[in-house]
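Peer 1: These protein sequences, in sequence, are chains A and B. Under this note's numbering, the first residue of the first sequence is numbered 40, with each subsequent residue one higher. Under this note's numbering, the first residue of the second sequence is numbered 523, with each subsequent residue one higher.
Note that these hints are calculated values from the structure, not bench results. A virtual CB, placed ideally from N, CA and C, is assigned to each residue, including glycine. Watch out, some of these pointers could steer you wrong.
Stretches of chain B that chain A covers, calculated by requiring three or more beta carbons in the stretch to come under 8 Å of a beta carbon on chain A [stated by the list, open to error]:
#	segment
1	813-825
2	849-857
3	872-880
4	888-895
5	934-945
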Amino acid sequence: MVDEEEIIRVAKLMKIDLEDHSEHVGRVKKMLEYFDILDQIDLSSEEITSQEKSLAELRKDEFIPHDKKLIESLKNFREHYVRAPKMN
Amino acid sequence: MNLNTSILQYIEDVKSGTFTTEEFVTETLQRIKDVDEKVHAYLSLNDSAINDAKLIDKKIASGEKVGQCYGFPISIKDNICITGTKTTCASKILENFVAPYTATVVNRLQDEDAVITGKTNLDEFAMGLTTEFSAFGATKNPWNLDYVPGGSSGGSAASVAANECLASLGSDTGGSVRNPASFCSVVGLKPTYGLISRYGLISYANSIEQIGPMTKTVKDSAFLLNVIAGQDANDDTTIDNKNSNYLENIENGIEGKKIGIIKEMTTSDGLSSEVSNSTKEAIHDFESLGASCDEVSLPTIPYTVAAYYTITSTEAGSNLARYDNIRYGYEMESEGYEYNSYISKSRTKFGPEVTRRIILGGFVPSAGHAGKYFLKALKVKSKLISEINSSFKKFDYLIAPTAPVQPFKSGEKIDDPVTLMLLDYNTVTANLTGKPAISIPYRVSNGLPIGMQIMANTLEEKSLFQAAYALETKTKLPEVPL
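Isolated chain A, as found in the complex:
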């Protein structure tokens, strides 16, 4: 059984303000309860597989200049810095 308090705690960690969104908790809970179906499948012999690429196959990690001053399209900046709210 999923604990509502925990959903609220996770929402906070994901930077989701639930003060006005309390109705979401019930719906998230319903979705998580549906995910319980994953308990019914035997996965004991399954391995997690993933596709891998060697570093040589990736594009070069190099600086490509952009044709515009991107910083000027940001909403709040000073010189070369983005302005952000203060941190505690």
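Could you slot chain B onto chain A? The hints should help.
Peer 2: Coordinates of chain B only, in the frame set by chain A:
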């Protein structure tokens, strides 16, 4: 002028001088003006579409080399970036975001002289199956305006079905091209993972999503894939398609081919009787085309929707973390807020479905819960890949209806998250396994469309188009009543 034409027919008509690109584009924009107030397929229009068309006409008149698209009008889902234009993802949080670069798929279209008509509506950040979760109002189904067009590429599907363009590009994470294609009676392709560049597609669940063409005919889908597919230095997941010509041999037929009818998708509880009957008719059609059809079971399918939502929510939680309203976003005074509380407050602009998926995306991979959800979901994905690879050793194609039901009334299912999730039941398998799948308009029953889905093995798009084209020749569908 008949706007209900295919891309290939349009190109012939422009080449033969039946009409100019400008005339056709002008008429298309007039059609948008006439019907889009009701359909709401578009979020924004390209103000320079007519000028773009004029430039192509000039090229044609002067004998200059013209791109293979000859100015056909195409719409683009509003989660695909075009330099200097708004890309909103149908979200309030990106309401005024202007893209600083253009997606590879759009560059390729423009290099071949396609004319972009505008950006189409979607469920916010492509999360949804009805286009009702758009922050800027729902799109309606052109077949019946009281019904949903499917989603999340509902605006793209509706724009093609309502003759507001000749084709569109959508994106498909769990069925978001094929589901609205089925609901609006257009052709929708989810290609092999990596066949089309995702550079410039705003990420939702990038390990499984793909951009896909939405067209009026199967040949148009193959044509469009020729233009946009192939390796891209800006997307390392793209694969070399050796410049395949997907139109080549498209009329070869499917004589002697083996088709697997997916048991779990054709006998599921949620399957409507209309869709079930149409599937039986489709099987009969395939047999009459010379293919043999046998039932095949993929026992993992009942677990795929839960696995799909677990994986996609996890990736969404991570991908959408970038929307902190600090570098770009909407105007919100930062005075009085601490850094984290500012971000949390600004993110209340996310709509309800996106908010829920982000919460889920934090929950299912978290330290205490990953074993129960996320790691299991990844194992389900592996098991499904083994099953489907075994099936493709016996069969050339796997078929099922694209959606278990026909379009339903707007608002009917919006409050039932599990029912909505299960609409993806027949489509998520192609995403989780990376296989190509196409939805073909097959029937219109009680005035509402039904689509059939054909899946093929990795990079077997040419063969997939042959089967789709063969089935298309067996259908005779009415015109959209709008």
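Peer 1: Taking the hints in turn, state whether each one holds.
Peer 2: Okay, the hints, checked on the actual structure:
1. 813-825: holds (count 3)
2. 849-857: Satisfied; 5 residues make the cut.
3. 872-880: holds (count 5)
4. 888-895: Since 3 is at least three, the answer is holds.
5. 934-945: holds (count 3)
Checked against the numbered hints above, the structure breaks none of them.
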